[in-house]
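A.B. asks: Listed here are the chains, written in short residue letters.
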Amino acid sequence: MSSIWSIYKREIKSYFVSPVAYVVMAIFFGIIGFQFYHGVAAYRDSSVYEGILGLCMFVFLFIAPLLTMRLIAEEKKTGTIELLLTSPITPAQIILGKFFAAMTLVMICIIGTLFYVVLIMFNGSIEIGPLFSGYLGLVFITSVFVSIGLVTTSISESQIVAGILGFGISIIMILLHNVAGSTQGTLGTILKEFMPTWHYTDFGSGVIDFKHIVYFLLWIVFSLSISVKSLEAKLLR
Amino acid sequence: MIQVENLKKTFGPVKALDGISFTIEKGEVVGFLGPNGAGKTTAMRIIAGYMSATDGTALIEDVNIDDEPIAIKSKIGYLPEQPPLYHEMRVKNYLSFVAEIKGVKKEDIDSNVNDAMKDVNIMDKSTKIIGNLSKGYKQRVGLAGALVHKPQILILDEPTVGLDPNQIREIRKLINNLKAEDRTIIISTHILAEVEQTCEKVIIINNGKIVTIDTKEELTKGSANQSRIEVEVARNPHDAVEKLNALEDVTVIEQADNKLLVSVDSGKDLREEIAKAVLDSGSGLLSMILQKIALEDIFVELTKNEETSEEETTKEADDE
Numbered sequence: 001m002s003s004i005w006s007i008y009k010r011e012i013k014s015y016f017v018s019p020v021a022y023v024v025m026a027i028f029f030g031i032i033g034f035q036f037y038h039g040v041a042a043y044r045d046s047s048v049y050e051g052i053l054g055l056c057m058f059v060f061l062f063i064a065p066l067l068t069m070r071l072i073a074e075e076k077k078t079g080t081i082e083l084l085l086t087s088p089i090t091p092a093q094i095i096l097g098k099f100f101a102a103m104t105l106v107m108i109c110i111i112g113t114l115f116y117v118v119l120i121m122f123n124g125s126i127e128i129g130p131l132f133s134g135y136l137g138l139v140f141i142t143s144v145f146v147s148i149g150l151v152t153t154s155i156s157e158s159q160i161v162a163g164i165l166g167f168g169i170s171i172i173m174i175l176l177h178n179v180a181g182s183t184q185g186t187l188g189t190i191l192k193e194f195m196p197t198w199h200y201t202d203f204g205s206g207v208i209d210f211k212h213i214v215y216f217l218l219w220i221v222f223s224l225s226i227s228v229k230s231l232e233a234k235l236l237r
Numbered sequence: 001m002i003q004v005e006n007l008k009k010t011f012g013p014v015k016a017l018d019g020i021s022f023t024i025e026k027g028e029v030v031g032f033l034g035p036n037g038a039g040k041t042t043a044m045r046i047i048a049g050y051m052s053a054t055d056g057t058a059l060i061e062d063v064n065i066d067d068e069p070i071a072i073k074s075k076i077g078y079l080p081e082q083p084p085l086y087h088e089m090r091v092k093n094y095l096s097f098v099a100e101i102k103g104v105k106k107e108d109i110d111s112n113v114n115d116a117m118k119d120v121n122i123m124d125k126s127t128k129i130i131g132n133l134s135k136g137y138k139q140r141v142g143l144a145g146a147l148v149h150k151p152q153i154l155i156l157d158e159p160t161v162g163l164d165p166n167q168i169r170e171i172r173k174l175i176n177n178l179k180a181e182d183r184t185i186i187i188s189t190h191i192l193a194e195v196e197q198t199c200e201k202v203i204i205i206n207n208g209k210i211v212t213i214d215t216k217e218e219l220t221k222g223s224a225n226q227s228r229i230e231v232e233v234a235r236n237p238h239d240a241v242e243k244l245n246a247l248e249d250v251t252v253i254e255q256a257d258n259k260l261l262v263s264v265d266s267g268k269d270l271r272e273e274i275a276k277a278v279l280d281s282g283s284g285l286l287s288m289i290l291q292k293i294a295l296e297d298i299f300v301e302l303t304k305n306e307e308t309s310e311e312e313t314t315k316e317a318d319d320e
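Those protein sequences? They're chains A and B, same order as listed.
Residues 1 to 237 (our numbering) are what the first sequence spells out, left to right.
Residues 1 to 320 (our numbering) are what the second sequence spells out, left to right.
The set of hints was computed from the structure by calculation and includes no laboratory data.
Accuracy of the hints is not assured; some may be wrong.
What the hints assert, rightly or not - Simulated restraints, written as ranges between beta carbons of each label pair:
| no. | chain 1 | residue 1 | chain 2 | residue 2 | range |
| --- | --- | --- | --- | --- | --- |
| 1 | A | F222 | B | P13 | 31 to 37 Å |
| 2 | B | K135 | A | Y22 | 28 to 34 Å |
| 3 | B | G37 | A | F222 | 38 to 44 Å |
| 4 | B | T23 | A | K9 | 21 to 27 Å |
| 5 | A | G112 | B | A71 | 39 to 45 Å |
| 6 | A | F210 | B | E68 | 53 to 59 Å |
| 7 | B | E107 | A | F132 | 40 to 46 Å |
| 8 | B | N114 | A | I208 | 20 to 26 Å |
| 9 | A | I108 | B | Q197 | 51 to 57 Å |
| 10 | B | T23 | A | F222 | 31 to 37 Å |
| 11 | A | G129 | B | E107 | 47 to 53 Å |
| 12 | A | F115 | B | I129 | 32 to 38 Å |
| 13 | A | I108 | B | N114 | 33 to 39 Å |
| 14 | B | A71 | A | K9 | 43 to 49 Å |
Claimed, not checked - Reference listing, derived: stretches of chain B covered by chain A, where coverage requires no fewer than 3 residues with Cβ under 8 Å from a Cβ of chain A:
| no. | stretch |
| --- | --- |
| 15 | 48-57 |
| 16 | 76-82 |
| 17 | 112-118 |
For each residue, glycine too, the CB sits at the ideal point set by N, CA and C.
Model the full assembly from the supplied sequences, consistent with the hints where possible.
C.D. replies: This is how it looks when you write it as structure tokens:
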């Protein structure tokens, strides 16, 4: 546990020493703030918030690769992976430390948006139920995005490759999300069941379904396991 | 104790290690010698647990590293060829991080970090950002990282690369201090002076195979029946070469202008005969200097022979 904490602390410091954290937060709050401003001009109730949470998800689809692309690929490039893998820590501890670090940045962004909630609360009305489920869903789906980002950085030797791979996956997800929406019949159902973005929609409308939570957890465990296996493969090569 | 048995490692068609075996006792300082690409780094990486072998075993204190990687890795301090440094970190923070992941107890971290910095003489750089340090200092920070958890076994891959002569001397002093603490040290290098001054045992490796394992004394003693004499003549060096080659056990192995390098194989002191032969040839003897055969010559000879035999094998295979 203490090793995960050590990796986590180092990674968090590294985010704030480099411009990554600041750039990511500037992009995120810029886009969300703009959307909020326009939403508020039209309505002052929960409907503003549904739009904002949905947008948050799509912004994170592109922010997650930015946050994760460096995590393992950079260690391989600079040779520090040799330090980690010859230390008495397991690949799983390395991956978890890095996962929690990236998720902390995501959580800072998510918590930052509560400022808008407070603004609406004081100047209009907001339903707490859908708001809570919306945020819960957002935490789950961003964890999925970050864990997929960890897979791309674990299998790449350079962070540029990891980043491009991550963005590629994000674009494919958006395309498939739209295809799933417009496809009828079995294929449409299969696509919707497969796509994390479709599982999020129920959370957005105030429904917390255990099925969706299990689905997200499976994605996270699956992606993190692939990342761990990829590091273990480096030891076994 | 480190026991390596029939260790093999292949990367695709390339045999990086071709069945090497050796034993290193506790407290021994061993020099791992070999030309670039000989397989030194691969062997060290396997022992340090960074890579697994294709075949064979590496036992650290009778335990296979593949069976108990965590326990074994906490006993080893490993400095790779390229020091594994986070360039954005400050020296002290980096070493504290390394101490943490190496499993040093929280209350010991500060003292261990200070000891490591003192050992490699970087106390004055503790608050500096690693990326801004010179190559020599980076190398020392890497070395401090390998020492910070006070490991019983140290594996140092080219520890003096990029250091100036004063720093190299300091590192040698440090290795000698560590030796006094009964730690087992493996140093890979192709700088022979380093091995001559720090190591007790030498493992020479070439093309993935061990060419020789011996103590430094035995290795140089093995060549005691061979000596070299540098002879300078005034004129007609060819006449002198002819006369010298006619002597039993004497061969002229090099000639540059009027200087000849003469090898004597019998172990006898043939200086008088050589002087007489040169004088008889009418070349005029100006000077004679007896040279000591150094580890360098043994290294060159052993790895050269290996290369030649390798070439021969390839040639034979091609002929077939």
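A.B. asks: Now tell me, hint by hint, if it's right for this structure.
C.D. replies: Hints, verified against the model:
no.	hint	result
1	A:F222 with B:P13: 31 to 37 Å	35 Å, holds
2	B:K135 with A:Y22: 28 to 34 Å	31 Å, holds
3	B:G37 with A:F222: 38 to 44 Å	40 Å, holds
4	B:T23 with A:K9: 21 to 27 Å	40 Å, violated
5	A:G112 with B:A71: 39 to 45 Å	44 Å, holds
6	A:F210 with B:E68: 53 to 59 Å	40 Å, violated
7	B:E107 with A:F132: 40 to 46 Å	43 Å, holds
8	B:N114 with A:I208: 20 to 26 Å	52 Å, violated
9	A:I108 with B:Q197: 51 to 57 Å	54 Å, holds
10	B:T23 with A:F222: 31 to 37 Å	45 Å, violated
11	A:G129 with B:E107: 47 to 53 Å	49 Å, holds
12	A:F115 with B:I129: 32 to 38 Å	34 Å, holds
13	A:I108 with B:N114: 33 to 39 Å	34 Å, holds
14	B:A71 with A:K9: 43 to 49 Å	25 Å, violated
15	48-57	holds (count 5)
16	76-82	holds (count 4)
17	112-118	violated (count 0)
Against the hints set out earlier in the document, violations occur for numbers 4, 6, 8, 10, 14 and 17.
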